[in-house]
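J.: Sequence:
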Amino acid sequence: MREIMKTQTHHKFMKREHRNVPDLGDYLPSFSVDEKTNIYDYITNYLIVVVLSTTCPPCRKALEVVYEFVNKTPNANIVMLINTDTESFLEVKELFEDKLNVFLVSDKLIRSYFQGVPWGLSLNAYGQIVGSYAFDNLEWFEKIIYPVKSLIIK
Numbered sequence: 016m017r018e019i020m021k022t023q024t025h026h027k028f029m030k031r032e033h034r035n036v037p038d039l040g041d042y043l044p045s046f047s048v049d050e051k052t053n054i055y056d057y058i059t060n061y062l063i064v065v066v067l068s069t070t071c072p073p074c075r076k077a078l079e080v081v082y083e084f085v086n087k088t089p090n091a092n093i094v095m096l097i098n099t100d101t102e103s104f105l106e107v108k109e110l111f112e113d114k115l116n117v118f119l120v121s122d123k124l125i126r127s128y129f130q131g132v133p134w135g136l137s138l139n140a141y142g143q144i145v146g147s148y149a150f151d152n153l154e155w156f157e158k159i160i161y162p163v164k165s166l167i168i169k
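If you're matching positions, the sequence shown starts at 16 in my numbering and goes up one per residue.
Calculated directly from the structure, the hints in this document are not laboratory data.
Take the hints with a grain of salt, since some may be wrong.
Unchecked claim - Mimicking SDA-like on lysine to any residue, the simulated pairs with C-alpha atoms at most 25 Å apart in a straight line are: (1) Lys76 / Asn152; (2) Lys158 / Pro44; (3) Lys158 / Gln130; (4) Lys158 / Glu102; (5) Lys76 / Ser121; (6) Lys158 / Asn60.
Unchecked claim - What follows is a set of in silico ranges between Cβ atoms, one per label pair, in the way DEER data are often shown: (7) Tyr55 / Gln130: 15 to 21 Å; (8) Ser47 / Thr101: 16 to 22 Å; (9) Ile168 / Ser127: 28 to 34 Å; (10) Asp122 / Ser45: 30 to 36 Å; (11) Asn60 / Ser103: 29 to 35 Å; (12) Gly40 / Glu109: 34 to 40 Å; (13) Glu109 / Asp41: 32 to 38 Å; (14) Cys71 / Glu154: 14 to 20 Å; (15) Ser47 / Glu109: 18 to 24 Å; (16) Arg126 / Pro89: 30 to 36 Å; (17) Leu153 / Lys123: 25 to 31 Å; (18) Glu109 / Lys76: 18 to 24 Å.
By construction, the Cβ of each residue, glycine as well, lies at the ideal position given by its N, Cα and C atoms.
Let's have the full structure, built from the sequences with the hints guiding it.
T.: Right, dumping it as structure tokens:
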């Protein structure tokens with residue numbers, strides 16, 4: 016009996032946290048990105064949502080990909096949700112200036128609505144997820160935006 020108890024305790028770390036995050040075809044739940052604004056307020060005929068954290072090494076590459084993309088496509092409708100400290104948030108916000116909306120969000124919000132970081136979603140006009148991938152390069156970012164690419168004004 017003692018051996019069984021040890022084994023059960025030992026394998027406890029392998030237990031996965033159960034999360035019910037939205038997937039392709041689901042509608043992104045409505046949530047606040049700041050005191051006054053809801054994520055749905057940014058949806059036009061589409062919205063690209065980028066989720067990053069400064070504690071994630073691949074997120075640095077993802078940040079570079081988004082920067083490159085918005086400089087080539089300045090009219091893209093993108094919201095960036097970032098989990099970081101205030102100083103880094105202000106630097107990222109300044110880096111993107113008026114090219115996209117950047118919001119400081121909690122780790123809890125990210126875990127509640129997204130599969131991880133770096134992550135990207137494309138939403139249709141109704142808030143339905145039509146593209147959803149982890150990304151740290153342009154090829155994977157293109158897969159995220161592919162369903163709405165024809166709607167992006169160049």
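J.: Against the earlier hints, flag every one the structure doesn't satisfy and list their numbers going up.
T.: 4, 10
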